[in-house]
Amino acid sequence: MFYQTKLRSITLIAALIFLACYASFGSYFAREIVVEIIILAILAISLDLCAGFGGMVSLCHGAMMGVAAYGFAIMSAKLGWPLFPSALIGLFAAVVFSGLVGWVTSRTNGIFFIMATLAFGQMAYTFFFKSRWLGGDDGFGGISRFDLNMIGLETNDSLVFTYIGLVILLLAYGLTAIVMRSGFGRTLSGIHVNEDRMKALGVNTAAHRAKAMAFSGFIAGLAGIIAAQHTLYISPELLIWTTSGEALIVVILGGLGTLVGPIIGAILLVLMKHEISNYTDYWHAFIGLVLIFTVLAGGRGVFGQIEYWFNKLTQKHQSTTKPHGDDHA
Amino acid sequence: MTGSFWAAFFLAPMFVTLIGAVLYFTLIDRMRTAGPMNQVLVTFGLIFVFLDLVRMGWGDIALGLDGPASLSGTTRLLGVDYPAYRLFIIALGLGVMATMWLVLARTQIGAMIRASVENTNMAAALGINVSKLFFLVFCFGCALAGLAGVAAAPILSATTTMGITILIPTLIVVVIGGLGSLEGAIVGSVIIGFMETFGAVMIPSFSAVLTYALLAVVLIWRPQGLIPARG
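Chains as they are written, first to last, in numbering that gives the first Met the number 0: chain A, 0 to 328; chain B, 0 to 230.
What the hints contain is simulated information worked out from the structure, not anything from laboratory work. Please note: incorrect hints may appear among the correct ones.
[Said to hold, decoys possible] Subject to a maximum C-alpha distance of 25 Å in a straight line, what follows is the list of computed DMTMM-like cross-link-like pairs (lysine to aspartate or glutamate): (1) A:Lys272 with B:Glu195; (2) A:Lys272 with B:Asp28; (3) A:Lys210 with A:Glu153; (4) A:Lys315 with A:Glu236; (5) A:Lys311 with A:Asp195; (6) B:Lys131 with B:Asp51; (7) A:Lys77 with A:Asp195; (8) A:Lys129 with A:Asp146; (9) A:Lys129 with B:Glu195.
[To be verified] Using C-beta positions, here's what the derived DEER-type ranges look like: (10) A:Arg196 with B:Gly162: 39 to 45 Å; (11) B:Glu195 with A:Gly297: 49 to 55 Å; (12) B:Ile89 with A:Val202: 46 to 52 Å.
Keep in mind the model is a prediction, meaning the values are calculated, not measured. For each residue, glycine too, the CB sits at the ideal point set by N, CA and C.
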């Protein structure tokens, strides 16, 4: 179950301030990195809500994000619709796609679910990859950013765009946190812990899991809209399964089922990637080793480990008060 | 490099088995009880590491490998000229399938493997050294993967991404056929192979999505696969 603890709030605010400072005082390149972090963090939050709370380790989140990006780009750049309705249609497409995948896979568990979502993600990837109208392998450009001049924001300025991205990241976090704290989120956690018992309580667990996937698709779609507007160009690269894999690495690296962890994980992964690729072309191998180490070290992730130590410490101090609710491992 | 296909044919599976054995003792043995999520993650990490190791050693360029000279021609079969090497692969596949079925279904070690998969604790209580057995099974699996790599190299040419390219169809075959069932793997690969080949010829625009559509149908209709493992 999700609790917005003080530690989580403080870490969240600290992370956002760090990103804002990094963008404000850094060069144009630093802002590019921050936007990259924001996109990955939102995608990882979306995955965390499936994997951490629902126990659904999905490998099609890249595709969910990509479907939203393509939906938005097709409506705005190809069909000439205004930007905001296009974005809504992109999000809607992602929700429908994720809901369908969730519905089809709702009866599978464990490794079957992982494989099935992997296959459906690749299906979406193949679809866009083969589509000549959408540029196939090359993707297409001609996408524009939201026009917010009426409230005095020039989105083509990289700093303003980064700030808007940070606000959307905060919104995505807040929305996910509220939903995970609601009855819906608690039911989802219940299904994760004991699906048979939830069935016995009269919950339609398959439908509930499909709905959770659809909501996760909405959050992933937000990342997709930012990604399309960031580079003003999209390609099937967004949907390929390694994008989902990267999001999964971020979730694990940061801490599964914490929602704050994915943000920390995204910061660490992107910064590591850029630092290491300065020295060697083979940064993937390093990320792989970090991932293996994280899992072997207990799989709590960086933030999860800090939270674990913090809880132990505070419980020692106040052994008379009621202990904290057990967090998801 | 001796340039001999038959040397590669035997050395590559042995080399892959060796890597597999090292991995087993360092990682996989620990991951056996860790749940699917952690297993996938560690495998993921390994994919990243090995992909880059291969790129470091052999570069990004595809390497061609000539098949053995004795199998380079064509054979006349039922009035059709068919490449001898492809016939050899078909025979090899049938041979591996038959051997595995015989070992699993008809020998004592096969019975021990099936018992250990079904109920690890009970098998151990009956005196089966489960971890040693699983180690052997894993090594054998690695050897088969190495064999598949050698057999495929003359047709597909060896690239750094061939591991990733083959992964998705393999997973689809396993899910459609049913996890942990040899018959399922056979039926699944035959279905997928036929659909990909005939789909590409008859409905080219739709063929890429065809296998995924089949996967969706199977998952809705029979989530455990067409021929699930017994028990």
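Against the structure, the hints:
1. Straight-line distance between C-alpha atoms of lysine 272 (chain A) and glutamate 195 (chain B) comes to about 37 Å, which puts the hinted pair past the 25 Å bound.
2. For the hint pairing lysine 272 (chain A) with aspartate 28 (chain B), the CA-to-CA distance comes to about 30 Å; that exceeds 25 Å, so the pair is violated.
3. Taking the CA atoms of lysine 210 (chain A) and glutamate 153 (chain A), the gap is about 36 Å. The hint is violated against a cut of 25 Å.
4. At most 25 Å may separate the alpha-carbon atoms for a hinted pair to count; lysine 315 (chain A) and glutamate 236 (chain A) exceed this at roughly 49 Å.
5. Only pairs whose Cα atoms come within 25 Å are accepted, and lysine 311 (chain A) paired with aspartate 195 (chain A) is rejected, the gap being roughly 32 Å.
6. Between the alpha carbons of lysine 131 (chain B) and aspartate 51 (chain B) the distance comes to roughly 31 Å, so the proposed pair goes past 25 Å and is violated.
7. Taking the CA atoms of lysine 77 (chain A) and aspartate 195 (chain A), the gap is near 47 Å; set against the 25 Å cutoff, the hint is violated.
8. As the CA atoms of lysine 129 (chain A) and aspartate 146 (chain A) are separated by approximately 32 Å, the hinted pair breaks the 25 Å bound.
9. Distance check on the hinted pair: lysine 129 (chain A) and glutamate 195 (chain B) sit about 15 Å apart at the alpha-carbon level, within 25 Å; holds.
10. Distance hint check for arginine 196 (chain A) and glycine 162 (chain B): the Cβ-Cβ separation is about 41 Å, which falls inside the suggested range of 39 to 45 Å.
11. Between glutamate 195 (chain B) and glycine 297 (chain A) the beta carbons are some 42 Å apart, a value that contradicts the proposed interval 49 to 55 Å.
12. The supplied range of 46 to 52 Å is met by isoleucine 89 (chain B) and valine 202 (chain A), whose beta-carbon atoms lie about 50 Å from each other.
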